[in-house]
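**Q** Chain by chain, the residues run as shown.
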Amino acid sequence: MMRFKGKVAHKFAESPLLQLRLPPWRSRLMGLLILGSFGVLIGRAFYLQVLNNDFLQEKGESRYRRDIEISASRGRIADRHGDVLAISTPMKSIWAVPPVARLTPEQTGQLASLLEMDVKQLSQKLSTDKPFVFLRRQIPPSVAEQVAALKLPGIGQDKEYRRFYPTGEMTAHMVGFTGVDDKGLEGVELAFHGQLLGQPGSRSVIRDRRGQIVEDVGSIKPPQDGKEVRLALDSKIQYLAYSHLKQAMSEHNAKAGGVVVLDVRTGEILALANLPTYNPNNREGLSGAQLRNRALTDTFEPGSTLKPFTIALGLESGKVRFDTIINCAPGRLTIGNATIADAHPHGALTVAEVIQKSSNVGAAKVAAMLPSQKMWEMFDDVGFGQVPRLGFPGEVTGRVRPWKSWRPIEQATMAYGHGISVSLIQLARAYSVFARDGDLVPLSLTRVDSSMPHGATVFSPQTARAVRVMLEMAVQPGGTAPKAQIPGYRVAGKTGTAHKLEGGRYANKYVSSFVGFAPVSDPRLIVAVMIDEPRGGKHYGGEVAAPVFAAVMASSLRTLGIAPDAPLVVAQTPKTTTPTVKARL
Amino acid sequence: MVRLNIFLLLALVICSLGVVTSQHKARKIFQALEAEQERARQLEVEFGQLQIELSTWGAAPRIEKIAREKLKMTTPQAGRAIASAPTGGNAQ
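Going down the list, the protein sequences come from chains R and A. Each step along the first sequence adds one to the number in this note's numbering, with nothing skipped, and position 444 is 444. Each step along the second sequence adds one to the number in this note's numbering, with nothing skipped, and position 37 is 1037.
Hints may contain errors.
[As the list claims (entries may be wrong)] Computed list of lysine-lysine pairs in BS3-like fashion (alpha-carbon distance at most 25 Å, straight line):
| id | chain 1 | residue 1 | chain 2 | residue 2 |
| --- | --- | --- | --- | --- |
| 1 | R | Lys236 | A | Lys1028 |
| 2 | R | Lys255 | R | Lys11 |
| 3 | R | Lys151 | R | Lys183 |
| 4 | R | Lys509 | R | Lys483 |
| 5 | R | Lys125 | R | Lys159 |
| 6 | R | Lys221 | R | Lys319 |
| 7 | A | Lys1028 | R | Lys221 |
| 8 | A | Lys1065 | R | Lys236 |
| 9 | R | Lys246 | A | Lys1028 |
| 10 | R | Lys357 | R | Lys538 |
| 11 | R | Lys246 | A | Lys1070 |
| 12 | R | Lys159 | R | Lys221 |
| 13 | R | Lys404 | R | Lys221 |
| 14 | R | Lys246 | A | Lys1072 |
| 15 | R | Lys227 | R | Lys183 |
| 16 | R | Lys159 | R | Lys227 |
| 17 | R | Lys120 | R | Lys151 |
| 18 | R | Lys246 | R | Lys59 |
| 19 | R | Lys236 | A | Lys1072 |
| 20 | R | Lys357 | R | Lys500 |
| 21 | R | Lys357 | R | Lys483 |
[Stated by the list, open to error] Sample of chain R residues facing chain A (criterion: CB under 8 Å; computed from the structure):
| id | residue |
| --- | --- |
| 22 | Phe164 |
| 23 | Val214 |
| 24 | Glu215 |
| 25 | Gly455 |
Read the hints as simulated data drawn from the structure, not as lab findings. Yeah, the Cβ is synthetic: ideal placement off N, Cα and C, and Gly gets one too.
Start from the sequences, fold in the hints, and give me the full structure.
**A** What follows is the structure in structure tokens.
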């Protein structure tokens, strides 16, 4: 055994250190210090776990709790019968995180073929250094599942909604469309955006290892789907208006056109068609001309369709009567250094015949009897120069200059609808004062379920009725628009043929229009037709627009099942009954 | 004293097992509910798609095309139409 020299081995108990007499306060101090530290620890633990436990709670929950968003879909747009005009359906968008998405050429090829993309284009997108790129948006869910099955790194997908417009170009201007982020951009989609928009909800859940939701924790915020918008539109009438307008457009080789159908009783817009139009489901290469809802956003000089208002004011103020003779010979009238002329010179006409034959001179002479302030007020009352207040984006006021600046020649031309501009919808609405008993109906884009709305009274019922008779004369033989007649119904209306103003001069281009209503015994529908620049050789409203009016009105009346109010002379008394027919009877 | 403790321990174990089972059952039922809700959403989506299909098939232009081309239907000429009085009315 080895022994260390100079060092003395002790047992612990015999250690000389223990023999030292230390002052007793030292051990007590140590004891207190350790106790104090424990106290601090306990206090801290108490603070964290009882007093101020939010932070830790949240941290803890974040380890197992997931917040998920519950998407809400945009509301549908339906016509008055509930037929769908616009509806959202879920689609998927495929995105990539390029720094993570390192794909083999083979994988890129697979992905490209699934997404129907060019391989080169796809790899270009994947090689950018942006942190996030959309590869393709709005693809069908079935394709998205196939993409997910490839299990590619850095490629993900999101749910989003796509808007479909089953009626396509027919209702494009009315319904409008949304952008890719479900934001209303045009038409009703924009006007009713707030109502259509859904509010996404959210919920907190616990997921298990397989990603399945096992429990709800915390409160659930339910998603609120957008509300359905029920338009006043009748898709059948809309189709009729659209197809008849389209036919007339190609027949007359016109630049543009519009048709508006109003319900006289409720002021609902039953149809509103414009051409040229576009397909809202595929909006590539759209031009402004296609997008414009002309009936609401374009104004034109209405021409003779304004004469009934001048005459009505004349009747209302007692300056003329139904049968007052106005001398329209020799078919021209000089005011100052300007001359007003009739298309066909007339002699002496009654006031009713001024409307029937559409005499500019006659209308100008009646206007000359009226104070300009009165005339301006009447225009204002029937809604010219006023926003139609439909809430439709881009609706215009038209232009009626203040009466104080009117010169006599201007008042004369305004009497027959020149020097004033209106939109087709304003014109259609203004005719409700004649179709109803003198009051102007408020328009509505949406279905009106309440009882008959009443508008501001503009003319007395007597005046409205007198003008109705004149307007009925205009479509009868001897009037300007016999082509507006409909077998079985009594029709009233007025043609308009206006020169277009180009660069301050009246060019040899025309706007042909026709506004009318039927059945005259109890008017139900107003149809306004406008054809811009007919270039097929005909340009008179009675030749171009009146047949469209007749076709739209006849088929709409039939669709709505409105009883005929005129005897069908031809059909009810056949000239010759053949023996076979007799035998069958 | 020992017997009481053993009894309490036993009760505790039984209760704990009960908690575990009921939790498991709750999750099972919850998952079934989730699945059904998912199905409801799917059906709603399908309903929407069918509505699109319906209005595509039932679109007025298509009906007119079939009526005119396949069924050879035409709009009656004015001379061939007979106006009848509304039901219950007296024809003149």
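**Q** Look at each hint and say if it fits the structure.
**A** Right, here's what the structure says about each hint:
Of the supplied pair hints, the one linking Lys236 (chain R) and Lys1028 (chain A) is violated, its CA atoms being roughly 51 Å apart against a limit of 25 Å. In summary, the hint linking Lys255 (chain R) to Lys11 (chain R) is not supported, as the alpha carbons are separated by about 119 Å, beyond the 25 Å threshold. Between Lys151 (chain R) and Lys183 (chain R), the direct Cα distance comes to roughly 32 Å. Violation of the 25 Å bound is thereby established for this hinted pair. Between Lys509 (chain R) and Lys483 (chain R) the CA atoms are separated by roughly 22 Å; this keeps the pair inside 25 Å, and the hint holds.
For the proposed pair Lys125 (chain R) and Lys159 (chain R), the alpha carbon gap of about 21 Å is at most 25 Å, so the pair holds. Between Lys221 (chain R) and Lys319 (chain R) the alpha-carbon distance is near 68 Å, which puts this suggested pair outside the 25 Å criterion. For the given pair, Lys1028 (chain A) sits about 23 Å from Lys221 (chain R) by alpha-carbon distance, which is consistent with the 25 Å threshold. Straight-line distance between C-alpha atoms of Lys1065 (chain A) and Lys236 (chain R) comes to about 14 Å, which keeps the hinted pair within the 25 Å bound.
Among the hinted pairs, Lys246 (chain R) with Lys1028 (chain A) is inconsistent with the structure: their alpha-carbon atoms are about 61 Å apart, more than 25 Å. With a C-alpha separation of about 18 Å, the suggested pairing of Lys357 (chain R) with Lys538 (chain R) holds against the 25 Å cut-off. A threshold of 25 Å between alpha carbons decides the hint, and for Lys246 (chain R) with Lys1070 (chain A) the separation of about 22 Å falls inside it, so the pair holds. At roughly 19 Å between alpha-carbon atoms, Lys159 (chain R) and Lys221 (chain R) fall within 25 Å of each other, so this suggested pair holds.
A hinted pair counts as satisfied when its Cα atoms are at most 25 Å apart, and Lys404 (chain R) with Lys221 (chain R) does not qualify at roughly 60 Å. Our distance criterion of 25 Å between C-alpha atoms is met by Lys246 (chain R) and Lys1072 (chain A), whose separation comes to about 22 Å. A distance of roughly 15 Å separates the Cα atoms of Lys227 (chain R) and Lys183 (chain R); the hinted pair therefore holds under the 25 Å criterion. Taking the CA atoms of Lys159 (chain R) and Lys227 (chain R), the gap is near 20 Å; set against the 25 Å cutoff, the hint holds.
Distance restraint check for Lys120 (chain R) and Lys151 (chain R): the Cα-Cα separation of roughly 21 Å lies within the 25 Å cut-off, and the hinted pair is therefore satisfied. About 65 Å separates the Cα atoms of Lys246 (chain R) and Lys59 (chain R), which puts this hinted pair outside 25 Å; it is violated. Distance check on the hinted pair: Lys236 (chain R) and Lys1072 (chain A) sit about 20 Å apart at the alpha-carbon level, within 25 Å; holds. For a cut-off of 25 Å, the pair hint linking Lys357 (chain R) to Lys500 (chain R) stands: about 22 Å separates their Cα positions.
Between Lys357 (chain R) and Lys483 (chain R) the CA atoms are separated by roughly 14 Å; this keeps the pair inside 25 Å, and the hint holds. Among the interface hints, the one on Phe164 (chain R) holds; its C-beta lies about 5 Å from the nearest C-beta in chain A, closer than the 8 Å criterion. Taking 8 Å as the C-beta cut-off, the interface hint given for Val214 (chain R) holds, the closest approach to chain A being about 5 Å. Given the 8 Å rule on beta carbons, the hint for Glu215 (chain R) holds: about 6 Å separates it from the nearest Cβ of chain A.
The interface hint given for Gly455 (chain R) is broken, as the beta carbon of that residue sits about 29 Å from the closest beta carbon of chain A, more than 8 Å.
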